[in-house]
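Chain order of the listed sequences is A and B.
Numbering-wise (full-length UniProt numbering), the first sequence opens with residue 1 and increments by one.
Numbering-wise (full-length UniProt numbering), the second sequence opens with residue 1 and increments by one.
Keep in mind the hints are simulated off the structure, nothing from the lab.
Certain hints may be false.
What the hints assert, rightly or not - Quick list of the computed label-pair ranges, beta carbon to beta carbon: (1) GLY251/A / GLN128/B: 46 to 54 Å; (2) TRP109/A / LEU42/B: 15 to 23 Å; (3) GLU127/B / GLU135/A: 24 to 32 Å; (4) ARG197/A / ARG229/B: 32 to 40 Å; (5) GLY13/A / PHE53/B: 41 to 49 Å; (6) GLU127/B / ASN55/A: 24 to 32 Å; (7) ASP111/A / ILE181/B: 25 to 33 Å; (8) ARG73/A / VAL189/B: 56 to 64 Å; (9) GLY13/A / ASN67/B: 27 to 35 Å; (10) GLU15/A / SER169/B: 21 to 29 Å; (11) PRO46/B / ARG80/A: 55 to 63 Å; (12) GLN128/B / GLU141/A: 27 to 35 Å.
We put the CB at the ideal spot given by N, CA and C, even for glycine.
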Amino acid sequence: MTLEAIDVHHGYGTETVFEGVSLSVSPGEVVAIIGPSGVGKSTLLRLLALFDAPNRGSIEYENQAVWDVSEQRRLEYRRRIGMVFQEASLFDASVRRNAEYGLRVRRSWTDRLRHELSSLVGKTNGTGDAIDALETVGLREQADQDASSLSGGEAQRVAFARALAYEPDILLLDEPTSDLDPRNTAVIEDAILEARRRGIGVVIATHDMHQAERIADRVAVLLGNDIIEVGNTETVFENPTDERTRKFIEGELIY
Amino acid sequence: MPLEPDTLTPLLIDFPFEWNYIRSIIYVSLYVSLTAVVLSTLFSLPVALLVGFKDFRGKTLLTSIINTGMGFPSVVVGLVVLFAVSNQGPLGSFDLVFTTEAMIMSQFILAAPVITGVSLAAVSSVEQNVRDAAYAMGGTKTDVALVTIKEARYGIATAVLAGFGRAISEVGSVLIVGGNIASSDGTSVTRTITTAIQLEARQGRFETAMILGAILVVLVLIVNAIVVRLGNGGGGGRYE
């Protein structure tokens with residue numbers, strides 16, 4: 001269940017974003033991608049989430065190049081990956097309906113219809129996995145609230161629960177706490193560690209060095225058009241092999 | 001001033017005949033307009049999603065055609081449809097001149113650009129990150145399209161209303177392609193509320209024309225209320 005980017009070259013038009021980027025994430029580990037704003041952390045996560053194919057190189061899941069398979073097979077891979085964005089991007093619906101979304105799209109059309117009809121006559125009260133995921137982020141009690149009534153921090157926690165509910169193998173997090181207060185940040189970080197405990201591989205893009213130190217098993221430093229260093233978190237922060245890493249971590253490298 | 005019983009008697013005696021007449025006109029109006037609006041909506045929503053989210057050659061031209069279509073002169077549409085269904089036209093063999101089917105065709109052409117244009121604005125306003133979230137959660141392209149439609153449901157309801165408003169209040173094209181025909185038993189064949197108002201007013205029967213006018217306004221209000229209610233998810237239910 002390893003997800004890998006292998007020698008990825010990517011860009012838009014004449015702009016080069018990556019030149020030979022490689023990164024992997026395995027079950028039950030947290031990998032933090034650190035780097036300055038605009039370096040391409042989100043682009044790398046979108047490539048790993050199979051939004052776009054890289055211009056060159058490959059994205060592999062369980063050693064299978066995902067862009068060499070049929071669209072249906074790729075959809076199966078996509079459905080084993082979850083993603084949380086910097087903005088919560090919740091749907092205009094209740095908290096419960098948001099949390100259930102990933103489970104709902106995995107059902108057949110007839111099952112969906114049956115489930116919707118059961119909901120209308122009150123024979124079902126939501127999916128257990130979605131409620132469990134809401135419990136993980138401390139929002140079980142708000143399940144029947146409108147998502148639009150939540151604070152920014154709560155909304156982001158629901159977005160996390162929405163991705164956690166269908167138990168993906170890999171969870172990709174694009175600066176999920178950059179707009180949050182310390183309390184909500186702590187809840188999300190606890191949920192990330194809970195995901196790791198359940199065996200989910202997590203990749204988190206962050207520019208918060210302390211956060212990377214707190215939760216990551218490995219750190220990848222994205223500078224320029226490449227990952228210049230990947231390693232054990234403590235090693236990267238204490239004894240970086242690349243001088244640019246040290247300068248970036250200590251705030252001497254300005255981009 | 002209170003109405004004298006003698007003043008009301010002629011109206012009450014005439015009413016059963018008038019009511020059959022009016023009821024058949026309402027039926028034809030609703031049948032033609034609702035059918036045209038349903039067909040237009042089924043056609044317009046995919047087009048709005050396609051134009052809103054796909055890049056293709058001719059997209060600007062198509063957008064211009066949609067915008068121009070929103071202001072198409074209805075008489076011209078009626079003329080074109082009449083020619084199409086006439087003996088010299090490509091649909092001449094279907095024998096559609098002065099039929100409700102021809103009226104549906106002309107109302108479809110009038111309503112579709114309105115529904116497409118307003119729906120396009122509505123679906124385009126759904127943020128990219130919401131659609132990305134649906135895709136990232138394992139949604140297919142169809143799932144993402146459904147989320148977009150549900151997020152834009154108020155705007156789409158407005159689009160359907162605008163299309164229905166254009167169709168039901170239309171005079172020129174339905175007069176040309178439908179012929180404003182009533183059968184010998186006094187019921188409507190292709191006569192709609194608007195063409196009947198035009199006829200009744202021209203013949204000086206203002207009471208009937210006024211009743212039809214009031215019915216038209218009430219119908220539009222009722223359909224507005226239903227669509228707004230549906231757009232609100234039944235007032236309580238919510239969508240993703």
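| Does the Cβ distance between GLY13/A and PHE53/B fall inside 41 to 49 Å? | This hint is violated: roughly 20 Å between Cβ atoms.
| message | Does the beta carbon distance between GLU127/B and GLU135/A stay inside 24 to 32 Å, or does it fall outside? | response | At roughly 28 Å between Cβ atoms, GLU135/A and GLU127/B fall inside 24 to 32 Å, so the hint holds.
| task | Hint says 21 to 29 Å; check whether the CB-CB distance for GLU15/A and SER169/B agrees. | result | 52 Å, violated
| message | Just to be sure I understand the hint, the distance between the Cβ atoms of PRO46/B and ARG80/A should be within 55 to 63 Å; is that true here? | response | At 30 Å between Cβs, range violated.
| field | Verdict for GLY13/A, ASN67/B (Cβ pair) under range 27 to 35 Å | value | Holds, since GLY13/A and ASN67/B (Cβ atoms, about 30 Å apart) stay within the stated range.
| request: Mind checking the hinted window 32 to 40 Å against the Cβ distance between ARG197/A and ARG229/B? | output: For ARG229/B against ARG197/A, whose Cβ atoms are near 47 Å apart, the range 32 to 40 Å is violated.
| task | Just tell me: holds or violated, for the beta carbon distance of ASP111/A and ILE181/B against 25 to 33 Å? | result | This hint is violated: roughly 50 Å between Cβ atoms.
| said: Assuming the hint says 24 to 32 Å, is it satisfied by the Cβ distance from GLU127/B to ASN55/A or not? | reply: Holds, at about 27 Å.
| Hint check for GLN128/B and GLY251/A - Cβ pair distance inside 46 to 54 Å | Given range 46 to 54 Å: violated, Cβ gap about 33 Å.
| said: Holds or violated: the 27 to 35 Å window for the beta-carbon distance between GLN128/B and GLU141/A? | reply: 31 Å, holds
| said: Against the range 56 to 64 Å, how does the distance between the Cβ atoms of ARG73/A and VAL189/B compare: consistent or not? | reply: 57 Å, holds
| said: For the hint 15 to 23 Å, verify it against the beta carbon of TRP109/A and that of LEU42/B. | reply: The hint (15 to 23 Å, Cβ to Cβ) holds, given that TRP109/A and LEU42/B are roughly 18 Å apart.
Comparing the model with each numbered hint stated earlier shows that hints 1, 4, 5, 7, 10, 11 do not hold.
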